[in-house]
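Place chains S and V on chain E using the hints.
Protein chains in written order, with full-length UniProt numbering: chain E, 1 to 317; chain S, 1 to 317; chain V, 1 to 317.
Because the hints were derived from the structure by calculation, they are not lab data. Keep in mind that the hints are not guaranteed to be accurate.
Claimed, not checked - Residues from chain V that keep clear of chain E, each with C-beta distances beyond 10 Å, as calculated:
1) 16
2) 17
3) 35
4) 88
5) 89
6) 193
7) 315
As the list claims (entries may be wrong) - Under the rule of at most 25 Å between Cα atoms (straight-line distance), these lysine-lysine pairs were calculated in the PhoX-like manner:
8) V/132 to V/37
9) V/37 to S/24
10) V/24 to E/37
11) V/25 to E/35
12) S/225 to S/163
13) V/178 to E/76
14) S/178 to V/76
15) E/37 to V/37
16) V/37 to S/37
17) V/89 to V/132
18) V/163 to V/18
19) V/35 to E/37
20) V/25 to E/37
21) S/37 to E/24
22) S/25 to V/37
23) S/35 to E/35
24) S/35 to E/37
25) V/178 to E/89
26) E/35 to S/37
27) S/35 to V/37
28) V/76 to V/132
29) S/89 to S/132
30) S/89 to E/178
31) S/35 to E/25
32) V/35 to S/35
33) E/25 to S/37
34) V/35 to S/25
35) E/35 to V/37
36) S/89 to S/118
37) V/89 to S/178
38) V/8 to V/24
39) S/37 to V/35
40) S/76 to E/178
This structure is a prediction, so every number in the text was calculated from the model and none was measured. Even for Gly, the Cβ is constructed at its ideal location relative to N, Cα and C.
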Amino acid sequence: MKNFTCVKDLGDLQVALKEAFEIKKDRYQFCELGKNKTLLMIFFNSSLRTRLSTQKAAMNLGMNTMVLDVNQGAWKLETERGVIMDGDKPEHLLEAVPVMGCYCDIIGVRSFARFENKEEDYNEMILNQFIKYSGRPVFSMEAATRHPLQSFADLITIEEYKKTARPKVVLTWAPHPKALPQAVPNSFAEWMNAADYEFVITHPEGYELDPQFVGNAKVEYDQKKAFKGADFVYAKNWAAYADPNYGQILSLDRSWTVDEDKMALTNNAYFMHCLPVRRNMIVTDDVIESPQSIVIQEAANREISAQAVLKRMLENL
Amino acid sequence: MKNFTCVKDLGDLQVALKEAFEIKKDRYQFCELGKNKTLLMIFFNSSLRTRLSTQKAAMNLGMNTMVLDVNQGAWKLETERGVIMDGDKPEHLLEAVPVMGCYCDIIGVRSFARFENKEEDYNEMILNQFIKYSGRPVFSMEAATRHPLQSFADLITIEEYKKTARPKVVLTWAPHPKALPQAVPNSFAEWMNAADYEFVITHPEGYELDPQFVGNAKVEYDQKKAFKGADFVYAKNWAAYADPNYGQILSLDRSWTVDEDKMALTNNAYFMHCLPVRRNMIVTDDVIESPQSIVIQEAANREISAQAVLKRMLENL
Amino acid sequence: MKNFTCVKDLGDLQVALKEAFEIKKDRYQFCELGKNKTLLMIFFNSSLRTRLSTQKAAMNLGMNTMVLDVNQGAWKLETERGVIMDGDKPEHLLEAVPVMGCYCDIIGVRSFARFENKEEDYNEMILNQFIKYSGRPVFSMEAATRHPLQSFADLITIEEYKKTARPKVVLTWAPHPKALPQAVPNSFAEWMNAADYEFVITHPEGYELDPQFVGNAKVEYDQKKAFKGADFVYAKNWAAYADPNYGQILSLDRSWTVDEDKMALTNNAYFMHCLPVRRNMIVTDDVIESPQSIVIQEAANREISAQAVLKRMLENL
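Pulled out of the complex, with its shape left as it was, chain E reads as follows (with noise of 0.2 Å):
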């Protein structure tokens, strides 16, 4: 694997989850392989998990970590041929991203959707820039569309805890105050997918996720109906993508908050979320607070799925 940005790089789960499981059972095995190897974090948005969680995994690894904070929206990159650099620019990226792949063996980006342009945001620019010109393998803390190393965390906690082959896993949309990005419930989505398990989005009207995502699932605007029988309940607030509300707050209806009545609903499912979460909008104190919840088991995770992601990447350099 030389990038990872998506579930398709993983190849075959079933192995990708072994190797997950296999450091979960002693994380430390692998200490001699990251020896004299060097990631490089760079988050063009804030973290606390993420970056918390991938600089334990590299160090797990016995590689060396460094952490470049861009302040947000500070670092202005050019991007464009033939601009004459006399603004508030100071670098061009043709320059910036190859120095940066000079100091280190394994980058890692973060970097949000801006919600200014769809289709900016939607080709993945800064994540396919370091890809193309920083000459190091590139794995995603966070992209535009998508966050793979929380779902791949996701799978693995599913994996844990469920008690069929083939798990109902239902993604449910929740209000929250901010116009949030979809790549948490894009990135789900895809995840679940790949995983063949019986997957269903609920979301109000309005609320639809891009049908690359969306794949094979079932779409069900009946919150209600969608928790019946559930096994996983995974519940996400996400801002429109459809035009011509991209980016943009429909609705923040309360009675989609998940509760004790809707998890009565289910098949004793357990409650998920990638965090941070806003409690009674998302969720009631009683469910996240539940011994169905399994928040953060599902971030402890984060870890694991962050270390089998970068041992494949440092046996590939």
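Just chains S and V now, kept in the frame of chain E:
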């Protein structure tokens, strides 16, 4: 030792001091102890000495370190249940804190008194939330009411320089243009009482510290009387503790500045301060530059106190 | 070598180059040298290449690294004696600097010219305070008047690409929208003089550099004449040095931009720049993207120059 927040956690001080001096002889002799162990340092307030000395101590022990700078006040965690989180707090501490615990073995926390609510400050709300919810051993890198790594370094320094078994140690208030927490003087008092030195606290009326920290110390309102025969003078500013003036500046009286005339009253005392220090407010240039000033040696011992604490915590994992 | 602030500190350049090429062959061969040694990197100005390359170099040598970002201008240290410190400066350098030295073995400092006071800039006040008061070996990660790690990397690069024993090297001024320090051109001139190449400096009138750096270089005000027969063209902007224009922009004349027509006058010269570079101000897209452009290779050598310097300093501890 599981957590480290105050002098009691160390147990027998003579044993702890012996361990500290053992470390100081060769600070790399325990570099295998921290192998594959990760320290997460969380700063709710900025830091220079504490961050560098603690990180250095952890690296001396072979630990990996991660630093999380929480912009002052910018990371607002919800702490109540039942709140509809549609405002400026994006995360509840009941998710945030356990997740941070997932990615490390030991957590250091710095969180100052805010002077907004005396009860909240003196209950050590933030530090205690980490102890209660992180699932990891926690130590204070200066909390609202105590700065035990500083006090331990102070104790080590006094033991190195003292010329009698039971020296006279004077903690003196001195003026400062900003309102400062009582963490350092509280903690120093607690440790001096525990060390059973002859201990005197001197300050203008109105600056009385919390009696639980004053303990058996003699409180003397006449600074010159207090200095007589002192072996160590420990200067520090703090804002008022007693109601209704909690967190207020009551005096900027520079007649309390430590100068050569006052030091001449002592038993050729050593001068100490936790740094940073404002010259000619707290202490004159002449005194802090004199051979009796041991502020740099005291700061250097911050690495030793942190390493002794981390060593204990690692041994207890 | 104790400190490293200018070319003289390296001694015989041929020996230093030999060491650098030895490192480049296998940059991990000295990974035991830095064991239990800590590098503290202090940035008074922001950095990308310097921080990453120096940190990487230190890790290649097995060192621990700590980074201290001093917000631009935000950390104000008092430097005078006798001042009553009741204002915005919370600490005196005579405490701050020695304490930083306590927690590390080697200190790297970045501190640019501020263009507020020419004498202060050219006296290298901040860098020299660290040398004088930190108690540790200190190296420059770009100071007010020199950028020796850059110049050493430049020298390494020229040695790698030169086709004759004594190539013709041309340092050319080029326009830039902001006033930039003279550290890079000063330092480059100093190193080129020391390397005894055929060295020409070209710039508009008024942009004369400090004669102590110009040394034996030929100064040519006609850029095209200067370029004739050049083997290396090193472009860089700088603000005026000579009084009364110190720190001022005297020209934005884009006829000084390095383009293909001018490069055609050279002996098929290589194009160099320290980066970041503003395209179509300093150099056209065509030139910087041409096969003769070695700006990325030059940047990559920053790791090598830093490692050669750190290796020397470690050997001298």
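Quick rundown of the hints versus the structure:
Taking the minimum C-beta to C-beta distance to chain E, about 21 Å, the non-interface status of residue 16 of chain V holds against the 10 Å cut. Against the 10 Å criterion, residue 17 of chain V stays outside the reach of chain E, whose nearest CB is about 20 Å from its own CB. Even its closest Cβ contact with chain E, about 14 Å, leaves residue 35 of chain V beyond 10 Å, as expected for a residue assigned away from the interface. A cut-off of 10 Å between C-beta atoms confirms that residue 88 of chain V is not in contact with chain E; the least separation is 24 Å.
With a closest Cβ-Cβ approach of about 26 Å to chain E, residue 89 of chain V is found to remain outside the 10 Å limit, as its non-interface label requires. With a cut of 10 Å on Cβ distances, residue 193 of chain V stays outside the contact zone with chain E, its closest approach being about 27 Å. Annotated as non-interface, residue 315 of chain V keeps its C-beta farther than 10 Å from every C-beta of chain E; the closest such distance is 20 Å. Restraint check for residue 132 of chain V and residue 37 of chain V: satisfied, since their Cα atoms lie roughly 21 Å apart, inside the 25 Å limit.
Of the pairs offered as hints, the one joining residue 37 of chain V and residue 24 of chain S holds, with about 16 Å between alpha carbons and a cut-off of 25 Å not exceeded. Note on residue 24 of chain V and residue 37 of chain E: the hinted pairing holds, with a Cα-Cα distance of about 16 Å set against a maximum of 25 Å. Restraint check: the Cα-Cα separation between residue 25 of chain V and residue 35 of chain E comes to about 18 Å, which is no more than 25 Å; the hinted pair holds. Between the alpha carbons of residue 225 of chain S and residue 163 of chain S the distance comes to roughly 21 Å, so the proposed pair stays at or under 25 Å and holds.
A hinted pair counts as satisfied when its Cα atoms are at most 25 Å apart, and residue 178 of chain V with residue 76 of chain E qualifies at roughly 16 Å. Under the criterion of a C-alpha separation no larger than 25 Å, the hint pairing residue 178 of chain S with residue 76 of chain V is consistent with the structure, at around 16 Å. Among the hinted pairs, residue 37 of chain E with residue 37 of chain V is consistent with the structure: their alpha-carbon atoms are about 19 Å apart, no more than 25 Å. Proximity of residue 37 of chain V to residue 37 of chain S is assessed by CA-CA distance (about 19 Å); at most 25 Å being required, the pair is judged to hold.
At most 25 Å may separate the alpha-carbon atoms for a hinted pair to count; residue 89 of chain V and residue 132 of chain V meet this at roughly 21 Å. Between residue 163 of chain V and residue 18 of chain V, the direct Cα distance comes to roughly 18 Å. Compliance with the 25 Å bound is thereby established for this hinted pair. Distance hint between residue 35 of chain V and residue 37 of chain E is fulfilled; the C-alpha atoms sit about 17 Å from each other, no more than 25 Å. Only pairs whose Cα atoms come within 25 Å are accepted, and residue 25 of chain V paired with residue 37 of chain E is accepted, the gap being roughly 16 Å.
Under the criterion of a C-alpha separation no larger than 25 Å, the hint pairing residue 37 of chain S with residue 24 of chain E is consistent with the structure, at around 16 Å. For the hint pairing residue 25 of chain S with residue 37 of chain V, the CA-to-CA distance comes to about 16 Å; that is within 25 Å, so the pair holds. Distance hint between residue 35 of chain S and residue 35 of chain E is fulfilled; the C-alpha atoms sit about 14 Å from each other, no more than 25 Å. With a CA separation close to 18 Å, the supplied pair residue 35 of chain S and residue 37 of chain E stays within the 25 Å bound.
With a C-alpha separation of about 12 Å, the suggested pair residue 178 of chain V and residue 89 of chain E falls inside the 25 Å cut-off, and the hint holds. This hinted pair checks out: residue 35 of chain E and residue 37 of chain S have alpha carbons roughly 17 Å apart, not beyond 25 Å. With a C-alpha separation of about 17 Å, the suggested pair residue 35 of chain S and residue 37 of chain V falls inside the 25 Å cut-off, and the hint holds. Taking the CA atoms of residue 76 of chain V and residue 132 of chain V, the gap is about 18 Å. The hint holds against a cut of 25 Å.
With a CA separation close to 21 Å, the supplied pair residue 89 of chain S and residue 132 of chain S stays within the 25 Å bound. At roughly 12 Å between alpha-carbon atoms, residue 89 of chain S and residue 178 of chain E fall within 25 Å of each other, so this suggested pair holds. Proposed proximity of residue 35 of chain S and residue 25 of chain E is supported: the alpha carbons are some 18 Å apart, at most 25 Å. A hinted pair counts as satisfied when its Cα atoms are at most 25 Å apart, and residue 35 of chain V with residue 35 of chain S qualifies at roughly 14 Å.
Under the criterion of a C-alpha separation no larger than 25 Å, the hint pairing residue 25 of chain E with residue 37 of chain S is consistent with the structure, at around 16 Å. For the proposed pair residue 35 of chain V and residue 25 of chain S, the alpha carbon gap of about 18 Å is at most 25 Å, so the pair holds. The suggested pairing of residue 35 of chain E with residue 37 of chain V holds, with an alpha-carbon distance near 18 Å, which does not exceed 25 Å. Between residue 89 of chain S and residue 118 of chain S the CA atoms are separated by roughly 22 Å; this keeps the pair inside 25 Å, and the hint holds.
For the hint pairing residue 89 of chain V with residue 178 of chain S, the CA-to-CA distance comes to about 12 Å; that is within 25 Å, so the pair holds. As the CA atoms of residue 8 of chain V and residue 24 of chain V are separated by approximately 22 Å, the hinted pair is consistent with the 25 Å bound. Restraint check: the Cα-Cα separation between residue 37 of chain S and residue 35 of chain V comes to about 18 Å, which is no more than 25 Å; the hinted pair holds. A threshold of 25 Å between alpha carbons decides the hint, and for residue 76 of chain S with residue 178 of chain E the separation of about 16 Å falls inside it, so the pair holds.
The structure agrees with every numbered hint stated previously.
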